[in-house]
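Undergrad: These are the residues of each chain, in order.
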Amino acid sequence: MGELTVVTGLFVSGWTFGMLTGLSAVGALMFSFIAGLSLAISVGATLLFLGLPTEPLFVWVAACGLPFAVMLITAWRPGGHEPETLARRLTVLAFGLICAAVVVYAMRHVAIVKYHSDTFRYLRSALLFAKGETEFITLNDLGKRLYTFPISLSLARIFDEYYIKSLIPTLSLGVLATSLFFFWALTEREAIRRKERIVIAVLMLLLIISNNRYVWNSFYLNTHLYIAACVMIIAAAGAMNERSTGVPQSFLVAIQLLMLPPLVLGRAEGFLLGGLAVLPFVLNGAAPRRDRIAVLIGFGAMTLSWHAYLALAHLRADRDLPLSALGPTALGVAAIFAAPLLTAPLLSRFRRPLLGLAEAGLWLVLAVAALYEPDIFLGSLDATFQNVVIGAGSWGRSLVVLTGIVIFTLSFCKDRRLATLRFPVTAAIPMFFLLAFVRDGGSYRVGNGDSLNRMLIEIFPLSVLYVAVAATSTEWTAPFRRRSRD
Amino acid sequence: MVKRSIDEARLGTDRVARRSSVGRPQDDTVFAALPRTKVRLLPSIEFSDSIGSIMKVSDTLKSALRTWLKRPFNFVLVFITFAVIVNIVEFPFIDKTTRHNYKAIYAYDSVDVVQVSIDRDNSSRETVAPYYYFGVLFPDSVVIMPTRERIADAIAIRSLGLASEIQYRDYEADRLFASIDLSTNLWDLAALAEDRGSTLAVIERTFGIATSHQPSGIFVILHDPYGKFYYVDTSLLGEAARKELGLG
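Residue numbers (our numbering), protein chains in the order written: chain A, 782 to 1267; chain B, 16 to 263.
These aren't lab readings, by the way, just hints derived from the structure by calculation. Mixed in with the good hints there might be a few duds.
Said to hold, decoys possible - A partial selection of chain B residues facing chain A, derived with a Cβ cut-off under 8 angstroms:
#	residue
1	L92
2	V93
3	A98
4	S132
5	S138
It should be emphasised that the depicted structure is a prediction, and the values quoted were computed from it without experimental measurement. Positions of the beta carbon are idealized from the N, C-alpha and C atoms, including for glycine.
So that you can see chain A by itself, here it is in the shape it has in the complex:
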């Protein structure tokens, strides 16, 4: 009952957030759990940064109450072109709550949870967070595992358990729902028949849920799937903001800002993935400048806050300030101050070469690092080849086939609007390999427990969404265009 109450609270809170920012009842339903959980992470992070007690019940109550408080303060009334009836909204919400209840019941009775040694380190941090003893979290756990997942798990202390059993499966359903939402909204005005859109949407979902690692990640107590959700939502909301779709921009900016705290506080590479996810949007003159400035400042503020917190934790422990805290702190400051410049119309004109330059820069840095320390690079390359191509990482041949489709799409689909979806995927590859040079363990390892092997899920849903949206585009070049002229 306790778990059902906590999940229901987050669900209703996230749904209200969607409604408040202008979504329809069905649209809000698709984001409900992810948005609700992200509100809880944001509240937890705020308490942490302000040095206030981190009591899970307070975090949960604040996360649940926040959208309602905003609703009351702003005297919110249903808006939009076609206001929905209260009955319809409540029916949609009731349907969502029944689904959530089924997942909670199932996960408390079906024993298919997945774990790794990291799971218990997250659990340790979660219990310390719940007790308000975050000063005892080790610097290693702080720097590598951060707070998103510990805060999520800590909510289980409200009902005296160690973790929320339905947390990850519900998140997984949320990833599927949001993928579907974004695909449908992004392709709304494309010159494609409705039947074809349905076929692609079904195939997109099938491609995700038939993937062995996606299913595994749907039960695996770790933060990877949440990071994947954040990356996809930030990038796809940015892509939608550039196109004039039926989805209100107020929602798109709000959801981008809401997903930044769990992303930056989710993993050590979270701020880098966040940077890659927001950059194409920030440079795009097609989106309102005010929105782009807001998202860039949000990213900068989050990166600055977290890494300043990390730097302070090192100082408190009488340790030297690591570059992994100082570098991102500087990046956060730079992002805030450069926001007016980076969003300037002049710079937006050079969006394509700038993105190309950023990506080429990452590959160049990787090449230099590989020359400097070839053992790490070759070791990582060999391990990744064995994990992804030979099958040691339990991906089967799925990533090889998906990479083939992505390369095909990159080669022939020249739709520039897709850059916002494509860039975080393709730029993440050199970034992942670069991380091997800065992490403690050196090169990546062979096996399904390897960090990179598990990190690959973080860009998987977005890459599938990119391919699915590209399929509906009309801007394809050779060989298609040449043939059409015959």
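Fit chain B to the supplied structure of chain A, relying on the hints for placement.
TA: Positioned in the frame of chain A, the structure of chain B alone reads:
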């Protein structure tokens, strides 16, 4: 000769086509089973021995394929379908060759991940079980630990062990352990963990819990010479030991 037969065949095809459109209903079972666009090809199928009809079919197919190839949508459709098929075919094989905690679908005996990991993994039996079971049995306890020795993990006692407070005292945990007999006060750990081969052996080698009939809620960490540590209820300690720990 060949040309004549081709012409004848074409003529025959046309006749049949005309006949089919006039004499036979269009929803004939053969026609009904196929998509509308291909219906026109069918009469020639009846004359598959004729080269002309084959050429006609081939031309039509080529033209259809050309039209189909013009649409990148179709390519991506085929690719994604192929990717889904690859995933589905490989799924059971991946799970077959993977360790239980990396299998996508694998049912355990318990829904609790901590219990599952203790049942299955030695590392959890050594690093999770000693603290988790203490937390389950005696939440919110006060734990006294030696200042200098680190056999028990203080952070794990705080977190998984749910200790409300940890106090550090300057005492020799092994000497204090040698001075008391805990044999009649030890908890039977078999009641906590299901024995799957070596589960109990590893747990019992790692830690122990000793309490009186009415536990005080204050435990002191002691350990034997082999590195096994014990949560010892302070009410079991003698006067001298209590004094040494500053318990009055």
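Undergrad: Are the hints correct? Go through all of them and say.
TA: We went through each hint and held it up to the structure:
1. For L92/B, the interface hint holds, since its Cβ comes within 8 angstroms of a Cβ in chain A; the closest pair sits about 7 angstroms apart.
2. Taken as an interface hint, V93/B does not check out: its beta carbon lies about 10 angstroms from the nearest beta carbon of chain A, beyond 8 angstroms.
3. The interface hint given for A98/B is met, as the beta carbon of that residue sits about 4 angstroms from the closest beta carbon of chain A, less than 8 angstroms.
4. The closest approach between the C-beta of S132/B and any C-beta of chain A is roughly 6 angstroms, which is under the 8 angstroms cut-off, so the hint is satisfied.
5. Interface restraint check: S138/B against chain A, minimum CB-CB distance 6 angstroms, threshold 8 angstroms, status holds.
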